[in-house]
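**Student:** Protein sequence lines correspond, in order, to chains A and B. Mapped onto our numbering, the consecutive letters of the first sequence carry residue numbers 51 to 290. Mapped onto our numbering, the consecutive letters of the second sequence carry residue numbers 396 to 495.
I should point out that these hints are in silico values taken from the structure, not numbers from a laboratory. Beta carbons: idealized from backbone N, C-alpha and C, even for Gly. Be careful, since some hints might not be right.
Claimed, not checked - Using 27 Å as the maximum straight-line C-alpha spacing, the simulated DSS-like pairs for lysine-lysine come out as follows:
1) Lys425(B) - Lys146(A)
2) Lys425(B) - Lys148(A)
3) Lys275(A) - Lys425(B)
4) Lys425(B) - Lys168(A)
5) Lys140(A) - Lys425(B)
Stated by the list, open to error - Computed footprint of chain A on chain B; a stretch qualifies when at least three of its residues, placed anywhere within it, have a C-beta under 8 Å from a C-beta of chain A:
6) 411–422
7) 441–448
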Amino acid sequence: MNTTFSHGLKAGSSIAIGYFPVALTFGLLAKTTGLSIMEATAMSLFVYAGAAQYMALSLLASGVAPWLIVTNTFIVNIRHFLMTAALNEKVEPAPKWKKAMYAFGITDETFSVLATQKNRQVTTAFTFGVALIAYSSWVIFTAVGHVIGANLPQFLQQAMSVALYAMFIGLLVPSMKGNRKVVLLAAIAAAIHCVLYYTHLLSTGWSILVATLASAIFVEILYVKSNKNVDRFTEQKEEN
Amino acid sequence: MGSTYWWMLLGMAIATYVPRMIPLTILDGKELPPIVSGVLRNIPYAVLGALIFPAILHIQDDILFGIIGAVIAFALAFIGLDVMFVVIGTIAALAVYSLF
């Protein structure tokens with residue numbers, strides 16, 4: 051079942067776990083970069099974009115101009131444009147102000163959880179549940195990280211760095227089973243991203259965008275073409 | 396950090412929120428051509444592929460760390476475990492690995 055707000059909280063709880071070490075580390079790094087607890091927590095509260103926030107810290111530390119940091123943030127996050135466009139096909143119709151509200155909570159992780167739900171549509175309440183628990187974890191553990199710092203044992207910190215990726219895999223694999231199209235989509239996008247990553251042709255934000263879009267378009271054309279051939283084949287059969 | 400920081404934060408917030416919000420509100424209720432909605436429905440699976448690789452291989456300097464993590468996560472997911480247990484199981488396995 052995935053319709054109510056509390057179902058959403060439950061579905062989002064694996065994101066909350068995954069965010070824990072990432073947000074904790076962000077809080078710690080923000081402190082070493084010289085941000086106050088207010089400044090660090092405010093970034094998580096108002097920006098809420100992991101990769102962009104980490105990047106902002108390193109740019110701040112190296113004294114890069116603020117407008118360049120804003121530009122970088124935009125470039126890193128432009129991929130969310132694609133995700134919310136895709137998500138719009140999946141969410142139930144709702145008033146614009148509600149969609150504008152939960153749009154703030156769409157990250158790589160919340161998108162993945164929402165978009166891979168088995169039901170054809172996800173409800174607005176469920177979406178709010180997923181978004182809220184993930185967001186709370188991000189903001190709270192940023193502050194906690196700033197306060198307690200690196201008091202988590204080193205081996206555990208290392209192990210927890212896998213959390214978000216393990217979650218992505220846990221979401222992807224059930225859809226892969228018995229579905230060659232899904233396997234193809236993920237494999238081609240991963241391959242393109244690897245090429246772009248190791249050749250340094252594009253920055254990560256653009257690279258994810260390009261790899262995703264190229265794979266989604268290529269596979270769609272492949273399937274539309276082969277389906278048309280099948281249609282024509284069966285039509286001919288019927289004529290005979 | 397002063398007021399420059401807060402202006403930068405405002406800029407970052409807008410630069411992040413706008414790409415998230417525009418499609419959900421502008422595309423609201425519009426019928427898209429079948430090929431476009433087909434491509435959009437493919438996005439979740441493509442994006443997961445791109446998010447996982449190659450990033451998971453580089454979570455630590457030791458590339459073996461990422462490879463082991465990936466293999467274990469795939470294995471746990473393939474036997475049908477819930478996402479939560481895939482996450483916890485993979486963390487546990489890597490914790491054991493990094494102790495040795």
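**Student:** Look at each hint and say if it fits the structure.
**Tutor:** Going through the hints against the structure:
1. This hinted pair checks out: Lys425(B) and Lys146(A) have alpha carbons roughly 13 Å apart, not beyond 27 Å.
2. Pair hint Lys425(B) plus Lys148(A) holds up; C-alpha atoms about 17 Å apart against a cutoff of 27 Å.
3. Straight-line distance between C-alpha atoms of Lys275(A) and Lys425(B) comes to about 25 Å, which keeps the hinted pair within the 27 Å bound.
4. Only pairs whose Cα atoms come within 27 Å are accepted, and Lys425(B) paired with Lys168(A) is accepted, the gap being roughly 23 Å.
5. Distance restraint check for Lys140(A) and Lys425(B): the Cα-Cα separation of roughly 13 Å lies within the 27 Å cut-off, and the hinted pair is therefore satisfied.
6. Residue count for the stretch 411–422 of chain B with a Cβ under 8 Å from a Cβ of chain A: 10. That meets the three needed, and the coverage hint holds.
7. A stretch counts as covered by a chain when three or more of its residues have a beta carbon under 8 Å from one of that chain; for the stretch 441–448 of chain B and chain A the count is 8, and the coverage holds.
Checked against the numbered hints given earlier, this structure breaks none of them.
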